[in-house]
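Chemist: Chain A is already provided as a structure; the job is to place chain B with the ligands on it using the hints.
Here's the letter readout for the chains.
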Amino acid sequence: MPSYDVMPDVQLYQPAELEDALNLLDEHKNDGWLLGGGQDTYGWLKDRAKNPKALIDVNGISALKGIRPVDGGLEIGAATTLREIIRDPVVNSDYALLAQAAGRVASPQIRNVGTLGGNLVQDARCWYYRRGLACYRAGGNICYADSPEGMNREHALFNASRCVAVSPSDTATALAALDATMVVASVDGTRELPADRFFAGPATHITRMTTLEPGEMLTAVRIPARWAGKRFYFEKVADRDVWDFALVSIAVAMDVDGATIGESRFVCGGVACTPYRLTDVERAVRGKALSDDTGDQAAALASKGARALNYNHFKIPLMENLVRRAIRV
Amino acid sequence: MPALRYPDTAPESTAASRPNFDFTNNKAGIQAVNPNLTRRRFIKGVIASSVAAASTNAGLRAAGAQDQGSGTVERLVSLNINGRVRRVDVLPQETLAYTLRYKLGLTGTKIGCNRGECGACTVIIDGVTNYSCSTLTQSVRGRAVRTVEGLQAADGTLHPVQQAFVDELGPQCGFCTPGQVMSAVALLEENPRPTREEARQAMSGNICRCGAYDHYLNSVMRASGQSS
Ligand SMILES: Cc1cc2nc3c(=O)[nH]c(=O)nc-3n(C[C@H](O)[C@H](O)[C@H](O)COP(=O)(O)OP(=O)(O)OC[C@H]3O[C@@H](n4cnc5c(N)ncnc54)[C@H](O)[C@@H]3O)c2cc1C
Ligand code: SF4
Ligand code: FES
Ligand code: FES
Numbered sequence: 083m084p085s086y087d088v089m090p091d092v093q094l095y096q097p098a099e100l101e102d103a104l105n106l107l108d109e110h111k112n113d114g115w116l117l118g119g120g121q122d123t124y125g126w127l128k129d130r131a132k133n134p135k136a137l138i139d140v141n142g143i144s145a146l147k148g149i150r151p152v153d154g155g156l157e158i159g160a161a162t163t164l165r166e167i168i169r170d171p172v173v174n175s176d177y178a179l180l181a182q183a184a185g186r187v188a189s190p191q192i193r194n195v196g197t198l199g200g201n202l203v204q205d206a207r208c209w210y211y212r213r214g215l216a217c218y219r220a221g222g223n224i225c226y227a228d229s230p231e232g233m234n235r236e237h238a239l240f241n242a243s244r245c246v247a248v249s250p251s252d253t254a255t256a257l258a259a260l261d262a263t264m265v266v267a268s269v270d271g272t273r274e275l276p277a278d279r280f281f282a283g284p285a286t287h288i289t290r291m292t293t294l295e296p297g298e299m300l301t302a303v304r305i306p307a308r309w310a311g312k313r314f315y316f317e318k319v320a321d322r323d324v325w326d327f328a329l330v331s332i333a334v335a336m337d338v339d340g341a342t343i344g345e346s347r348f349v350c351g352g353v354a355c356t357p358y359r360l361t362d363v364e365r366a367v368r369g370k371a372l373s374d375d376t377g378d379q380a381a382a383l384a385s386k387g388a389r390a391l392n393y394n395h396f397k398i399p400l401m402e403n404l405v406r407r408a409i410r411v
Numbered sequence: 022m023p024a025l026r027y028p029d030t031a032p033e034s035t036a037a038s039r040p041n042f043d044f045t046n047n048k049a050g051i052q053a054v055n056p057n058l059t060r061r062r063f064i065k066g067v068i069a070s071s072v073a074a075a076s077t078n079a080g081l082r083a084a085g086a087q088d089q090g091s092g093t094v095e096r097l098v099s100l101n102i103n104g105r106v107r108r109v110d111v112l113p114q115e116t117l118a119y120t121l122r123y124k125l126g127l128t129g130t131k132i133g134c135n136r137g138e139c140g141a142c143t144v145i146i147d148g149v150t151n152y153s154c155s156t157l158t159q160s161v162r163g164r165a166v167r168t169v170e171g172l173q174a175a176d177g178t179l180h181p182v183q184q185a186f187v188d189e190l191g192p193q194c195g196f197c198t199p200g201q202v203m204s205a206v207a208l209l210e211e212n213p214r215p216t217r218e219e220a221r222q223a224m225s226g227n228i229c230r231c232g233a234y235d236h237y238l239n240s241v242m243r244a245s246g247q248s249s
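Protein chains in written order, with this note's numbering: chain A, 83 to 411; chain B, 22 to 249.
Bound-form chain A, shown alone (with noise of 0.2 angstroms):
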């Protein structure tokens, strides 16, 4: 298969007003895509995996970018780099777990110039679909990942149908350990939705990763107060610790009182085509001591469901053993 390493002709617009990018992407329905820091797209064009006529290039709305207080928690600007969120004051002390998946993102130079809205709404990394091959994903009726001679290591567990690909995104982990909203825009108005609802699998829209409608846009991420400054855990194990995506990582976020355990958010990432939360684990750990013990018996119940494909079996115990990680005093 030809590989290129200069970009197909493309029309690039660079709008300073969010109107004008949200009419832009109305009149472009079918064929725009919108760019944030590209470090996701540029390869899907060389590739001629994708092919949109026109990148609307978000970085000039100011609108879209920096990191502000709303209602008690945060509003975080699609725009913002993740560069600038790792750095921020209030996410380091409040919401430290964002903070920490997001220095866990590719490279220096990719968190640099990398959007949040970008990191969110990135596409699967699954290398059948990044190379063009016509898979499910891609419109067609095959799984190459999904048959007998197929490379599957670092494939789903849970909730595959047909398409075995998981969510690449490190924050997403993160913003939906801590309850987060998405805003979505477009020219009929804007919508606030929780992160449950703004990332999809397989089973209702094969064809993307989010609930975004052609059209629509994510202007900003809001993170409610309630997690702030909780006890946090994240951790992700990947081949190189540097540009690898997530083989599983998780994401936890709990109220601690004294040495109990109370409510508590406990999502994995690189085990499902969304991050993937473990309800079963919330609900064992609930009332119990942060605890080798109670480490070892949630992490029985992390991987309840599994469904293991030839080559990604090590994530079971990979994720029973994060489970632990995250309970242990």
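A few of these clues could be false.
Chain B is faced by these chain A residues, among others (derived, beta-carbon under 10 angstroms) [stated by the list, open to error]: (1) 87; (2) 90; (3) 91; (4) 92; (5) 93; (6) 94; (7) 119; (8) 124; (9) 127; (10) 136; (11) 137; (12) 192; (13) 320; (14) 323; (15) 403.
No more than 20 angstroms apart at the CA atoms, straight line, and that leaves these computed lysine to aspartate or glutamate pairs for DMTMM-like [stated by the list, open to error]: (16) A:312 to A:153; (17) A:147 to A:157; (18) A:132 to A:295; (19) A:147 to A:102; (20) A:135 to B:115; (21) A:147 to B:147; (22) A:132 to A:157; (23) A:132 to B:115; (24) A:135 to B:95; (25) A:132 to A:113; (26) A:147 to A:274.
Each pair of labels, with its calculated beta carbon distance range [to be verified]: (27) A:273 to B:193: 49 to 59 angstroms; (28) A:311 to B:247: 29 to 39 angstroms; (29) A:306 to B:216: 52 to 62 angstroms; (30) A:209 to B:195: 28 to 38 angstroms; (31) B:188 to A:290: 34 to 44 angstroms; (32) A:386 to B:195: 49 to 59 angstroms; (33) B:195 to A:382: 46 to 56 angstroms; (34) B:222 to A:321: 16 to 26 angstroms; (35) A:98 to B:106: 18 to 28 angstroms; (36) B:221 to A:142: 31 to 41 angstroms; (37) A:344 to B:248: 44 to 54 angstroms; (38) A:286 to B:195: 46 to 56 angstroms; (39) B:163 to A:340: 51 to 61 angstroms; (40) A:171 to B:221: 50 to 60 angstroms.
What the hints contain is simulated information worked out from the structure, not anything from laboratory work. The structure displayed is predicted, hence computed values, not measured ones. Just so you know, even glycine gets a beta-carbon here, dropped at the ideal spot from N, CA and C.
Modeler: Same frame as chain A, but now just chain B with the ligands:
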């Protein structure tokens, strides 16, 4: 000077399967957005402002300019590279690494993977490291771009980071070195006395296939005035 060609296709790809992006076809000529700017004047402009006008064919293809929709970016832009203003004709989809190397003759910036996975193309934009292979040139208008060529003093004295890389025998083959130097410069401008671990983190977006990582870290520590 022979025309520099960008190796843009894998061997098996045929002309027919190639995309509509051919630098050798300049039938369309320069379609500068400013209609008063003739092709000859434009070419002169590029040469006059280049260290080495390396590109002939590479710089000249302009199909698509006529049918550009209204509101899209202009083609003829001014860039601030190493403190100098450079006028150059830039396609909407052109990467900064491409412009630097093939239009402005600044070949110190290397292209390794062209996919954001190696760091050979690292440049500093407004004080922050970027992969120039994964940056649109159109997005750096009005911003300050620094490449490895811009580090040495006017009299040729090496930048302290470059000198430290020499003193510590940092590089092996040298291909990744310009990118490593740029990451080190950006780090030390922000954090003049990093710990070795901080330096390791800051340099972590630059792969060295020769595995000279420790030598590079020694170089960074020396450049920061801390013995390695
Ligand atoms: C080598 C490499 C390693 C990587 N490793 C990781 C990793 O470890 N973890 C990780 O999480 N990611 C990783 N990535 C993926 C990605 O590059 C980064 O996550 C980056 O943050 C994406 O942000 P961006 O702004 O550059 O995205 P862009 O490429 O600009 O956008 C990505 C997608 O989101 C859409 N989009 C952008 N902004 C909006 C918006 N406001 N509303 C709606 N849609 C929008 C775009 O249209 C596009 O489809 C890696 C990428 C590369 C190239
Ligand atoms: S896992 Fe999904 S993206 Fe990968 S080949 Fe199968 S259908 Fe395509
Ligand atoms: S050439 Fe840009 S990161 Fe490899
Ligand atoms: S010195 Fe050879 S790749 Fe780094």
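Chemist: It remains to establish, for every hint, whether it holds in the given structure.
Modeler: Structure-based check of all given hints:
1. 87: It holds, given that the least Cβ distance between residue 87 of chain A and chain B is near 5 angstroms, below 10 angstroms.
2. 90: OK, holds: residue 90 of chain A within 10 angstroms of chain B, min 5 angstroms.
3. 91: 5 angstroms, holds
4. 92: For residue 92 of chain A, the interface hint holds, since the closest Cβ of chain B sits about 5 angstroms away, which is under 10 angstroms.
5. 93: OK, holds: residue 93 of chain A within 10 angstroms of chain B, min 5 angstroms.
6. 94: Holds, because the Cβ-Cβ distance from residue 94 of chain A to chain B comes to roughly 4 angstroms (cut-off 10 angstroms).
7. 119: The hint holds - residue 119 of chain A has a Cβ within 10 angstroms of chain B, the shortest such distance being about 8 angstroms.
8. 124: 5 angstroms, holds
9. 127: This interface hint holds because 7 angstroms falls under the 10 angstroms limit.
10. 136: 8 angstroms, holds
11. 137: 7 angstroms, holds
12. 192: Cβ of residue 192 of chain A sits 6 angstroms from chain B, so the hint holds.
13. 320: 13 angstroms, violated
14. 323: The hint holds - residue 323 of chain A has a Cβ within 10 angstroms of chain B, the shortest such distance being about 7 angstroms.
15. 403: Result: violated, 25 angstroms to nearest chain B Cβ.
16. A:312 to A:153: Since the Cα atoms of residue 312 of chain A and residue 153 of chain A sit roughly 18 angstroms apart, the hinted pair holds (cutoff 20 angstroms).
17. A:147 to A:157: Measuring from Cα to Cα gives roughly 10 angstroms; hence the hint holds.
18. A:132 to A:295: Satisfied, since the Cα-Cα distance of roughly 17 angstroms is no more than 20 angstroms.
19. A:147 to A:102: Given that 20 angstroms is the threshold and the Cα spacing comes to 16 angstroms, the pair holds.
20. A:135 to B:115: Holds. Residue 135 of chain A to residue 115 of chain B sits at ~14 angstroms (cutoff 20 angstroms).
21. A:147 to B:147: At roughly 17 angstroms apart (the allowed maximum being 20 angstroms), residue 147 of chain B and residue 147 of chain A satisfy the hint.
22. A:132 to A:157: 31 angstroms, violated
23. A:132 to B:115: Holds, because 17 angstroms separates the two Cα atoms, which is no more than 20 angstroms.
24. A:135 to B:95: Holds, because 17 angstroms separates the two Cα atoms, which is no more than 20 angstroms.
25. A:132 to A:113: Holds, because 10 angstroms separates the two Cα atoms, which is no more than 20 angstroms.
26. A:147 to A:274: 18 angstroms, holds
27. A:273 to B:193: 49 to 59 angstroms: 55 angstroms, holds
28. A:311 to B:247: 29 to 39 angstroms: At roughly 35 angstroms between Cβ atoms, residue 247 of chain B and residue 311 of chain A fall inside 29 to 39 angstroms, so the hint holds.
29. A:306 to B:216: 52 to 62 angstroms: 36 angstroms, violated
30. A:209 to B:195: 28 to 38 angstroms: 31 angstroms, holds
31. B:188 to A:290: 34 to 44 angstroms: At roughly 53 angstroms between Cβ atoms, residue 290 of chain A and residue 188 of chain B fall outside 34 to 44 angstroms, so the hint is violated.
32. A:386 to B:195: 49 to 59 angstroms: 53 angstroms, holds
33. B:195 to A:382: 46 to 56 angstroms: This hint holds: roughly 53 angstroms between Cβ atoms.
34. B:222 to A:321: 16 to 26 angstroms: 18 angstroms, holds
35. A:98 to B:106: 18 to 28 angstroms: Given about 23 angstroms between the Cβ atoms, the range holds.
36. B:221 to A:142: 31 to 41 angstroms: 34 angstroms, holds
37. A:344 to B:248: 44 to 54 angstroms: 50 angstroms, holds
38. A:286 to B:195: 46 to 56 angstroms: 51 angstroms, holds
39. B:163 to A:340: 51 to 61 angstroms: 55 angstroms, holds
40. A:171 to B:221: 50 to 60 angstroms: 24 angstroms, violated
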